[in-house]
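**Q** Got two chains here, separate frames each, mind docking them using the hints?
Protein chains in written order, with the numbering used here: chain C, 1 to 306; chain P, 1001 to 1388.
Some hints here could point you the wrong way.
Just so you have them, the derived chain P footprint on chain C, three or more residues with Cβ under 8 Å [as the list claims (entries may be wrong)]:
1) 110-123
2) 138-148
3) 153-160
Among chain C residues calculated to face chain P with C-beta under 10 Å, some are [to be verified]:
4) I4
5) L11
6) G13
7) R86
8) L88
9) T95
10) I256
These are calculated hints, taken from the structure and not from any lab test.
Quantities reported herein were computed from a predicted structural model and do not represent experimental measurements.
Glycine included, C-beta positions come from ideal geometry on N, C-alpha and C.
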Amino acid sequence: MSWILILEQTLNGLQFGLMLFLLAAGLTLVFGIMDMINLAHGSLYMVGAYLMAACVQATGSFVWGLVLAVAGTALIGMALEVALLRRLYQRDHLTQVLATFALILIANELVRLVFGSQPVLLNTPAALSGPVDLLPGLSYSSYRLLIIAVGMAVAVLLYVLVAKTRTGMLVRAGASNREMATAMGVNIRTLFTIVFGVGAALCAIAGAMLGPILAVQVGMGENILILAFVVIVIGGIGSIRGALVGSLLVGIVDTIGRTLLPVLFREFLPPAYASNLGPAVASILIYVLMAAVLFWKPQGLFPARG
Amino acid sequence: MRKNMIALAVLALVAAGAQAADRVKVGFVSTLSGPQGAPGIDSRDGFQLAVKMLGGKLGDLPVEVLVADDQFNPEAGKQVVERFVKRDRVDFVTGIIYSNVLLAAGPTAFEAKVPYVSSNAGPSQLAGSGCNPYFVSAAWQNDGSHEASGQYATNKGFKTVYLLAPNYPAGKDALTGFKRFYQGKVVDEVYPKLGQLDFAAELAQVRAAKPDAVYAFMPGGMGVNFIKQYVAAGLSKDIQLVLPGFSADEDTIKAVGEPMLGLFNPAHWSPDLDNAENKRFVAAFEKEYGRIPSAYAAQGFDAALMMDGAIRAMKGKIEDRDALMRALKTGKYRSVRGDYKMNNNGFPIQTYYLRVVGKDAQGRIVNKTIGTVFTNHGDAYAKDCKLK
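With the rest of the complex left out, here is chain P (with noise of 0.2 Å):
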C-alpha cells in the first residue's frame, strides 16, 4: 500500500514537471544603490515598463519579476544570482550592469543553463574566447562605444588624446576599443580606481600634459563628479572632452547640467531616434517615470522584448534552454534600436550614431543625434569566439 502511495506522488510530481511553464520568472540583479546605482535603476525601470506595457505578460505567459541589488559588489551579485537559480528556479536572468560583477555573477547562471539576458554588461571575456552559450546580449559590447569614439577623434582631427577610466574590466575595454580606432597619438593613460570620486591629481597631470582632447569613460556617479571638476578646473575651454554615450547619458545630465552642453559623445541609441518603436518607448518612459530614459533603460526594455520575442517563438515552452538560446539569439524582436543583427558570440552587430548634448524644443538638456559614426558594427572579438 505505502510503496503504491509513494509511486503515486513521485508520478503526480513528474507530471507536474512535465507540462509546457504557465509562467515565467525573471531574476532581475542589478546596481540599484549608491553613486553607481542610477544606471540600474533606469535599466529596472525600462525592464518594468516594458513588461506592463506587454500586460504583465511576456510572450503571452504571465511573469514575475524578481528584482535584487547587488550593490555594485561582484561577491553580493554572485550570491544573488545563485539565489536566483537554485532557490526562485527563474527562467531568465538579466539586469546586470557592471562588467566586473558579471564577470563573477554571470558563471552561476551558465553552469545552470540559465539564460543570461545583457541589459548592459558586455565584457570582451565574453566576447570572444571565453563566449557562452547561455549569455545573449540585448545591449552592446563594451569596446562598441569607445571604438566610435576612437573613430570620431581621429575624424575631427584631434592629433594627441590623453586616456582615463576606471581600473576594471570594462575600463580597460574600453580604452583598447577607443586605440583600435584612433589614429593620432596617445599622450597617457591613467586608470583612476575604480569609484574613485577626487580627480583632482589626475585633472592636474591633464593640464600638464596639454593634449588637444580628453576621452574619459567614466560610468555613474564618477562620470559625474568627473565632468563638474573638469569643469571647475577650467580644462573645459582649451581642452575638448570625449565622451562615450553612457558618460553622457540621461543620469549624468541630470546630475551635472549645464556644464555638459556641447559635449560630443557616440552611442548606439538615442532618445530621438526616429523609429515608431523609439518613439512609442520614450512617450510611455517620460508618462510613467518622469523622466527622460537613459541608454541603460532602453537596454532593459530590450531585453524584455527580447524575451518576449524568444518565448513567442517557442510558444512558451521555454524548457528546452537550447531552443530558447537560438531563439533569443537569432529572433527577430521590435527593438527600439530599430532593425540590428546579432552575432555569432550573442552580441549585436548595430549602427552608432553621433550625439550632441544640447536643449530640446522645451528646454531640457538632452542628447540630439547628429550624425553616424559606423553602420551595423560587430565587435572585435566574435572571431575569436567558437560558437556558431
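One chain only, chain C, in its complex shape (with noise of 0.2 Å):
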C-alpha cells in the first residue's frame, strides 16, 4: 500500500466527487428551493454531453465546444421549465415522480432518434490527451487534473453567487423558507427558471467533461442520478455546502473502498472471490454510509431547513 497508490486514488475520488458535485448542486436546489423530485436532472446530464459531441464536431475546438453545449443545455433547461415543470410545482411528489420518469423515457428516445443508438464519439482534446508527472513516479492523466480544476472552479464560482450576491440570497431564502419567501414579495417564477436553467448548465458542464473518459451513450444520466439523489440525501437537502461535501465523502468513499477492500479480502479469500466481492461490498459503501449518516442525522449533515 505505496503513497502513490493513495495520492493517485484521493485525486481519482476527488474528480469523481467533483463531477458528482456538479449534478447533486443543480438537484438539491431544484428540490430545496421548488420542492420538486426532478429524475429528469440525469437527461440533462446526457443532453449536455451530446450537445459537446456535436458542436465539438461541428466547431472543431474544444472550449467552443463546452460553451455551445453548456448554453444549449441551460436554454432546454429553461424551456423545460417554463414549458412542463412549472405545472409540477403544486402538485403532489407521487406526480412529480412520474411525470419527470416520463422525461428521461422521451429524452432518451428523442436522443436516439437525433444521434442513433450508437454511442457518439468524443475525445479528449490532443492535448491533454497524455499524462502529467505530479511526482517521480506518478503520473496522472492530465485530462482528470483539468476536471478537478473545473470542478473547484465551479465549486468557488457556486459559493461566490449563493453568498455574495442577491441572487444567491433570494435562491437561499427561497430554500429555507418557500411560503416566507413568496410573501416577502420575492418573483418566485423568475427564481425558479433560473435556477433550474443554472442546475441544467452545471450539469451540461459535468456532461461535457465527463463525456470524453466515460461514453457518450443514450441513458448515460441514470447512473450517475442515483449517486446524485444519494448525494443530497447525506448533504442535505437545499444545501449547496452539504451537495460539495456528500459528494466529496461519496467520490472518496466509493475510490479508496474500490482500492482498500480488494487488498483486505485478498488477505482472506482467492483473487477471484476477492476481486468480485471488494468492489460489489465498495459499491454497497456509499449506501451503508447514506444509511448512517441517515441514522444520526436524518435531515442530513447540513440541513437548509431549520
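**A** Okay, structure coming up:
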C-alpha cells in the first residue's frame, strides 16, 4: 500500500466527487427551493454530453464546444421548466416522479432519434491526452487534472454566486422557507426558472467534461442520477455546502473503498472471490454511508431548513 | 360432408409441411446498440454481405434474414430467440456476440432443435461437458486468443503480468486461458464490472504493482475507454499492454486511433491473411461499407458461408436437423481463414497469428500479421465433451 497509490486514488476520488457535485448542486437546489423531485436531471446531463460531442465535431474546438453545450443545455432546461415543470410544483411528489420519469424516457428516445443508438465519439483534446508527471513515479492523466480544476472553479463560483450576490440570497431564502420568501415579495417564477437554468448548466458541464472519459450514450444519466440523489440525501436537501461535502465523501469513499477492500479481502479469500467481492462491497459502501448518516442526522449533514 | 372437408384440409396442411423447404429463414440476433454494439454491427454487416455475394441465397435456396437486437441483455436475447424459434420458425439462429447472452438464449434454440451457428461467443460451458449437438461455431472458443496471448507473453519473456477482464463468463475464460499458457508470475487478477467505463481506480493499482506487462481483455466500448485511459495515465511508457485480437480490432482502432500503434495482439484472423477468399471478402466489405472489416465481420461472413455449405450438402432438405448438424460440423466451406478442421464439440481447430497495430500502404491504422503463435490449436475443453 504505497503513498503513491493512496495519492492517486485520492485524486481519482476527488475528480469523481467534483463531477458528482455539479449534478448534486442543481438537484438539491431544485428539490430544496421548488420542492420538486426532478428525475430528468440525469437527462440534462446526457443532453449536455451529446451537445458537447456535436459542437466539438462542428467547431473543432473543445472550448467552444463546452461553451455552446452549456448554453444550449441551460436554454433547454429553462424552456422545459417554463413549458412543463412549472405545472408540477403544486403537485405531490409522486406525480412529479411519474412526470419526470416519463421525461427521462422521452429524452432517451429523442436522443436516439437524433443521434442514433451507437455511442457518439468524444475525445479528449489532443493536448490533454497524455499524462503529467506530478511526482517521481506518479504521472496522472492531464485531462483528469483539468476536470478537478474545472470542478473546483465551479464550486468557488457557485459559492460566490450563492453567498455574495443578491440572487444568491434570494435562492437561499427560497431554500430555507419558500412560503415566507413568496410572502416577502420575491418574484418566485423568474427565480425558479433561473435556478433550473443554472442547474441544467451545471449538468452540462459535468456531462461535457466526463464525456471523453466515459461513453456518450443513451441512458448515460441514469447511473449518475442515483448517486446524485444519494449525495443530496447525505448532504442535506437544499444545501449546496451539503452537496459539496456529500459528493466529496461519496467520491472518496467509493474510490478508496474499491482500492482497499479487495486488498483486505485478499488476505482471507482467493483472488477471484476477492476481486468480485471487493468492488461489490465497495459500491454498497456508499449506501451504507447514506444509511448511517440518515440514522444519526435524518435531515442530512447540512440541512438548509431549520 | 363436413368430415370429408376436415380430412381434406388436414391432408392439405400435412402435404404442405412435407415438401422440402423452398426457402431458408435465419434469425440473426446480436448486440446492435449501446457502447458494446460495434462488434454486433460488424458481425451483422459481414453476414449480410455474404448473403448478398451469394445472390440472396444460402445453398441455392432464397434466404430471409431476420435481424434483432439483444441490447446486451441476456433476458432480452432469450426473448428474441424464443420469438425466432416459436413464432418465426427460423431454420438457423446466429449472431450473438456476448457469452452471457448466449448462455441464456442458446438453450431455447437447442431445445427446439434449431441449429445455432456461433459468429462469436464460445463460452467454455458449451465446449466441455455442456456441449450441445445443436451448437456449432464459425468463430472461436473464448479461450483461444487468450491462450495465444499467454504463449506470446511467455515467448517475449515477460516475468510478471497483471491481468484484467470484465466480471462475466468470457472474462473469466479469458484469464483462465491466458494462465494456461503463461509460464511467468501473475501479479494480480482484477475483474471490473461488465460495462464499467472508468478505470482510474484499476489503473492506479496497476501502477502500484509495477508489472512487466498488462494483459487486458476488454470487449467493445470497455476496450476503447481502457486503452485511452491507459495511455492517458502514462502507463504505456513503462508497462507493455498486451491485448487479445478482439480488443485491438477495427472497431476499437476506429475509436482510439494513434495511441494504439505498436500494440501486439494475437488472433485467428487478420485482414491481411493471404488467401483468395479473404482478399475477396476484405475488398467487398470495404467497397460496401467504407471501412476495414474486423474479426467480428469475418466471423459473420464465415457463419453465412458455413450455412451455405451445409444447405448445399443437404441439397436443400434442411428439415432433417440431425443430418443438418452433421453437415455443418463436417462440411468443408471456403472460410476466410483458409482451411481449418472442426473439433468434436463443434468448435474450430485453427491457427492463431501474431498481429501488431501499424499503418497500411494508405496510412490507415490496421492490424498486420507478423508471425504465428499456434498452428492447429484446439480448445482445452473438447476432451470433456461427450459428442463424437
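**Q** Work down the list of hints and note, for each, if the structure agrees.
**A** Verification of the hints:
| no. | hint | in the structure |
| --- | --- | --- |
| 1 | 110-123 | holds (count 5) |
| 2 | 138-148 | holds (count 7) |
| 3 | 153-160 | violated (count 0) |
| 4 | I4 | holds, 6 Å |
| 5 | L11 | holds, 8 Å |
| 6 | G13 | holds, 9 Å |
| 7 | R86 | violated, 34 Å |
| 8 | L88 | violated, 31 Å |
| 9 | T95 | violated, 30 Å |
| 10 | I256 | holds, 9 Å |
The structure shown violates the earlier hints numbered 3, 7, 8, 9.
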